[in-house]
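Please put together the full structure from these sequences, using the hints given.
Protein chains: 2
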Amino acid sequence: MLENGTHTDLSSLGEFGLIDLLTSNIKLHHESTLKGAGDDAAVIQNSNNCSVVTTDLLLEGVHFDLSFFPLKHLGYKSIIVNLSDVYAMNATPKQVTVSLGISSKFSLEAVEELYAGMLLACEKYNVDLVGGDTSASKQGLIISVTAIGEAQKEDIVYRNGAKEFDLLCVTGDLGGAYMGFQLLEREKRVFLANPQEQPDIEGYDYILERQLKPEARKDIIEMLKMLGIKPTSMIDISDGLASEIFHIAKQSNVGVNLFEDKIPIDPMTYNTAREMELDPTLTALSGGEDYELLFSIKQADFDKIKNNPDITVIGHITDVKEGVHMISKSGNVHPLKAQGWKAF
Amino acid sequence: MLENGTHTDLSSLGEFGLIDLLTSNIKLHHESTLKGAGDDAAVIQNSNNCSVVTTDLLLEGVHFDLSFFPLKHLGYKSIIVNLSDVYAMNATPKQVTVSLGISSKFSLEAVEELYAGMLLACEKYNVDLVGGDTSASKQGLIISVTAIGEAQKEDIVYRNGAKEFDLLCVTGDLGGAYMGFQLLEREKRVFLANPQEQPDIEGYDYILERQLKPEARKDIIEMLKMLGIKPTSMIDISDGLASEIFHIAKQSNVGVNLFEDKIPIDPMTYNTAREMELDPTLTALSGGEDYELLFSIKQADFDKIKNNPDITVIGHITDVKEGVHMISKSGNVHPLKAQGWKAF
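As they're listed, the protein sequences go chains A and B. Everything in the first sequence is counted per this note's numbering, starting at 1 for the first residue and increasing by one. Everything in the second sequence is counted per this note's numbering, starting at 1 for the first residue and increasing by one.
Among these hints, one or two may not hold up.
What the hints assert, rightly or not - Anything over 10 Å on all C-beta distances counts as not near chain B; from chain A, calculated:
(1) D39
(2) T134
(3) E277
(4) L282
(5) D303
(6) K304
(7) T318
As the list claims (entries may be wrong) - Taking lysine-lysine and the DSS-like style, the derived pairs with C-alpha atoms no more than 30 Å apart in a straight line are:
(8) B:K27 x A:K153
(9) A:K27 x B:K225
(10) A:K329 x A:K262
(11) A:K124 x B:K153
(12) A:K337 x B:K138
(13) A:K138 x B:K138
(14) B:K250 x A:K27
(15) B:K27 x A:K225
(16) B:K124 x A:K27
(17) A:K153 x A:K304
(18) A:K105 x B:K138
(19) A:K27 x B:K105
(20) B:K153 x A:K153
(21) B:K329 x B:K163
(22) B:K27 x A:K213
(23) B:K188 x A:K105
(24) A:K304 x A:K250
(25) A:K138 x B:K188
(26) A:K138 x B:K105
(27) B:K337 x B:K250
Calculated from the structure, these hints are not laboratory results. In this text, a Cβ means the ideal position worked out from N, Cα and C, and glycines have one as well.
Structure follows, in structure tokens:
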């Protein structure tokens, strides 16, 4: 009924393959559309400044599990993931719109919890919720958020400006959100097996917070401005460090050397990974949802950030011919693998 | 698991009640946010002009039925419904973002069909598709579109400017999209009862097109500008004439007299309604999805539109104390009922 003729499985393409294919037919008509699909956000030129626009769709059972995700946190996070994309353009978010698809299993109080979390994030990040759409859904909760930000044209940082010899930097630490997720999944399995069992999540606050109440790096954008640094490229870490490095490498047409021993991993992330027999480096490379910023800077800017506890230099940009590699703790050089996200 | 304490059924509020309640807690922070929730689109002031932003979520099984909705048409319509909201602000759409949730039952070719319809609408309405998000969905197709438009601040028309004695106008004709939907539903029932039966949709092209391939009234916006008319209030007809009249009455704090015999209904809509034992007036009042424009103008502007075949004067604005009434064909005065949309 859906179509005739050829049938290509979406799984054979993967998410990025599908997006590349779909967007290859797009023609842009307006001079004011400075950037369309393919970065953290689109960029639209107004008279003196630019609007950046980004949107994200969060689906129950795919992006979140309501059996352990409190609705207020979910509302908060759904705003944060969009603001993070705006900051990753070196822009300031100003407005969001929110569309909800809500099934009849939700009460008004549940929807209000969700909305309260959204408004809390808006309050904290000084953003206006300016509209949206609310629909009944047949199956599960659907959250679609669009964020709109502002920047001077010359301040906007794309994914495509990294140059050979630039330093590759990351903010905060990585892998925590993924380990928080693993912990919640483990406790859910325990609970389902034996509902009398109390959840064993005491003392894991940091990684739980990384998963359930992430923040966007507004502070970093403000600090870079204060330090007079404009990154040469930037992206936020939603899918995992490896995948984001590949985005920068591909769009900037460069290679990257990443040093495993420089990747910032919090001790709790590290220990929990070990406890669950997972490789801590892999949680950082492929875990995702950290909403930290990955960016490249000119070497000349190194002195301005070298003592900053929030920024770690994890590698450098190379010629495109050298490819994308990770130098392991033991000194071996491996081609980096983007595990990416294969959900289809 | 979802929440503790009180449980209020969403069905007790209805869509508009829920939206009113949720948006009542919103505080706006930015002077540049000229209009937040509560109109066809939000309005954001840039230096010399304004951006208007609107978003819509379309869900399989709620807003569309893929058993009779061709994917290319669905893609087209999903863009149109958003552009219509931008025109209803008297603004020009410039960009759209598209988020898709796609289940594994869809092939690449199916998604390409959907996208082709979207790009066709973008092409026709001179709009740039500037990004979005693609996710796997567990159940059914989810389409979230955000449209961004541009206007001079002084040109924007809100829902709240109608004044006593203004004339109430509508474009095109109403009820066709709803009758197209009824026809498709009838043929689906026939098909399910007897798959050998051929669908009986010959000769119904106009109402089928109204349902499957609606257009947004770009032409009207351009014409009003040319005629030097700025409506005092405006809204697009997505939920049905009655419901949109109530939006204008409420936000403008006015009453309305609507004349049943003036409501423009195409003969095919009329005859099909009769054939199916439905009241043609009711299809116009409550059918929805026509994406025509409902607007009020000053009486002084009447001469400029009186001979226009695309615009019909269907009533006038009264004092708020007089309420919202329909004067029937037989001359009786009835309070108008907004059937609205109760999907929860």
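Output the numbers, in ascending order, of every earlier hint that fails for this structure.
-> Going through the list in order, the structure violates hints 1, 2, 14 and respects the others.
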